[in-house]
Amino acid sequence: MTARAAARVGFLADVFTCAPEGGIGYWSRCSHYQWTSDQRAVIADLDEVEHTITLDTIARGITAIIGGDTALAEGHRRRIAAASPGDATGLDTADADTIVQTALFGHPIYG
Numbered sequence: 001m002t003a004r005a006a007a008r009v010g011f012l013a014d015v016f017t018c019a020p021e022g023g024i025g026y027w028s029r030c031s032h033y034q035w036t037s038d039q040r041a042v043i044a045d046l047d048e049v050e051h052t053i054t055l056d057t058i059a060r061g062i063t064a065i066i067g068g069d070t071a072l073a074e075g076h077r078r079r080i081a082a083a084s085p086g087d088a089t090g091l092d093t094a095d096a097d098t099i100v101q102t103a104l105f106g107h108p109i110y111g
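Heads up: the sequence shown runs through residues 1 to 111, numbered per the working numbering.
Certain hints may be false.
Stated by the list, open to error - Ranges between beta-carbon positions, derived for each pair:
| hint | residue 1 | residue 2 | range |
| --- | --- | --- | --- |
| 1 | Asp47 | Arg4 | 24 to 34 Å |
| 2 | Glu48 | Ala82 | 27 to 37 Å |
| 3 | Asp47 | Gly86 | 30 to 40 Å |
| 4 | Thr52 | Gly10 | 15 to 25 Å |
| 5 | Thr93 | Arg60 | 16 to 26 Å |
| 6 | Thr36 | Gly75 | 29 to 39 Å |
Think of the hints as simulated: they come from the structure by calculation, not from any bench. From a predicted model like this one, the values you see are computed outputs, not experimental measurements. All residues carry an ideal CB built from backbone N, CA and C; glycine is no exception.
When you get a sec, could you build the whole thing from the sequences and use the hints?
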């Protein structure tokens, strides 16, 4: 895992928790979920392909969204970018879903 400031880890952990607890459940099944210390979730998508989600996954999705590397409504991109420095309170389960899908698939494919 990448070395990060405590505030950044807290932000990524908030988004991470939001994803399996509400954002991605309509297209995935979670077989393992660890939200303490070494955050990790193992999910299977609708095609039964297994994926592991970590804080690095969340960071990768956010970086791609903010960098414009994925097609996304500009308002959605701005909201994620505004929250990214460290306060996830402005993000919801749909944002967490978009972040995870972008990290895993390069862009949102479900929803």
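- Item | Those earlier numbered hints the structure runs against, lowest number first | Violated hints: none at all, because every hint is consistent with the structure.
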